[in-house]
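K.L.:
Here are the chains, one letter per residue:
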Amino acid sequence: MDRDTRANLLRGNLELILLAILENGEMYGLEIAKEAQNRTGGYFEFKEGSLYPALHRLTEGKLLEAEFKYPPRGGAPVRYYRLTEQGKKVLAARRAEFERFTGAMRSIWGEL
Amino acid sequence: MSELNRYLRGATRGLWGRKRAEVWAELEGNLRLRIQELQVAGLPEEEAERKALEEIGEPQIVQEGMMRLYAFPKVARASLLAVLALAGLLVILPGQAQVSLEVFKIHMAYSQGNHLKPASVWVEAKDLTPLQTRSGPYRPDTLTLVADGKTLEVPVNTVEGGPWDGRRFVDLVRLVLLAEHAGVGVRLEGWEKPSLQLGATRLDLQSLGAPATPEDRLGYSLYVSLLANSLMAQRGLRPHEFSPNPPGCLHQIITGDQPGTIYAAVSRAPAKGARSPDDQLTVGPVDGSGSVRLRLMAPTVQFTRDTSAIAEGRGGLVRVALVKITGEVKDGGLAYQVVMPAKTRSQAVPGSCR
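For the protein sequence lines, the chains are A and B, in the order given. Here this note's numbering runs 15 ahead of the position in the first sequence, where the first position is 1. The second sequence: position 120 = 100 (this note's numbering), numbered continuously.
One thing to keep in mind: the hints can contain errors.
[Claimed, not checked] In silico DMTMM-like links for lysine to aspartate or glutamate, alpha-carbon gap of 25 Å or less:
id : chain 1 : residue 1 : chain 2 : residue 2
1  : B       : Lys130    : B       : Asp107
2  : A       : Lys62     : A       : Glu50
3  : A       : Lys62     : B       : Glu38
4  : A       : Lys62     : B       : Glu34
5  : B       : Lys31     : A       : Glu50
6  : B       : Lys106    : B       : Glu133
7  : A       : Lys84     : B       : Glu35
8  : A       : Lys49     : B       : Glu17
9  : B       : Lys(-1)   : A       : Glu41
10 : A       : Lys77     : A       : Glu114
11 : B       : Lys(-1)   : A       : Glu80
[Stated by the list, open to error] Going by beta-carbon spacing under 7 Å, a handful of chain B positions derived as facing chain A:
id : residue
12 : Glu6
13 : Gly9
14 : Asn10
15 : Arg12
16 : Leu13
17 : Arg14
18 : Gln16
19 : Glu35
20 : Ile36
21 : Gly37
22 : Ile41
23 : Val42
24 : Gly45
25 : Met46
26 : Leu49
No wet-lab data here; the hints were simulated from the structure. Cβ coordinates follow ideal geometry from the N, Cα and C atoms, glycine included.
Please work from the sequences and hints to get the whole structure.
P.N.:
Put into structure tokens, the structure is as follows:
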């Protein structure tokens, strides 16, 4: 698959990816970026910077809540994000929708 | 300026006040952690910084995304005006046809916590006609103004819903920052009746209503907003905490300066639980006796020239940097000098703590 197609897929699903990563508990930007890279085996190529506006958008939309804290290993304070109750509901609904979509695509090309 | 600071300035360009402080602090925190990781992995500091910046990408990635989200604060998102405290003010533009503008001071509550940012100051777009260009197409979200021969594209917020539906407003602080960025000479002067010099045009701002507290003044809002930008960019301080009615103790600080000169103080609030500490910023004018009265965080404070002592919260005493404001707007904020008052330690006015 070419790079542009992957970039479009990433853009379209970035919020779902972020919500799914945060399902495991609170994280800050750098951790989220690493987790996204690890879980997708580097499939999506993105710059960490592109995550921050999306994280803020989700926070403004009350799907995430954020708080500055010192990370356990020390260093500068960072903004931790966690799912709100509303965020958990939206994640469940979007994931179900995504699964229906991929299921429908599979049936179109004959896989079951 | 370090590469890190250059990145942070670029990524937060166009944002201001508390939001800029938040984005700045978040990016800086994550970048410093990454630099630390890379150093532990064996890279020298400079190379670690370069690699961390490469990983995060161009500053425009963050800046453009954040501007789309925050450039038009919640005014454009309806119903906000229901929670506004409005003060009618008058702006006169001498040297032009004398024009009266109503200026609206708006306190915006943030969704996270109960903190307020300094009141933002808005002018209605139709009242800036004397600065408008005669030509050019009408665009609902932009006002094209001319100052000092420079063309300024100023974002406009349109109120949706409510009794003010369709009225268009310009954020005065954004107008100032855009003008300065475009190379227009900008100065902010005065306190009771502050004035803004935008190139050859002088905007005299006069409050018609009495402010509820000293911090509720129009001058206070303008100085704090513009100074917060400078302190963050140049000193790494994070003035997060603004309130129209801040806690603390009133200090009478002898400056020996001309009455009306504006001073500010910045200090770091003790950390509350897991929250990171905030830097508190307060502003006031010198009175007839050469003193300035500022509300600071503790009954006893120690003044310092070393702003890193504040940022690192060293020592038992609350450390405060006293800042003299020159009035000139440059490099994205108000120009200032850190100064030492006649006495390096200050005791609060008895009975003034709250």
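K.L.:
Report the numbers of all earlier hints that the structure fails to satisfy, in ascending order.
P.N.:
Those not satisfied: there are none.
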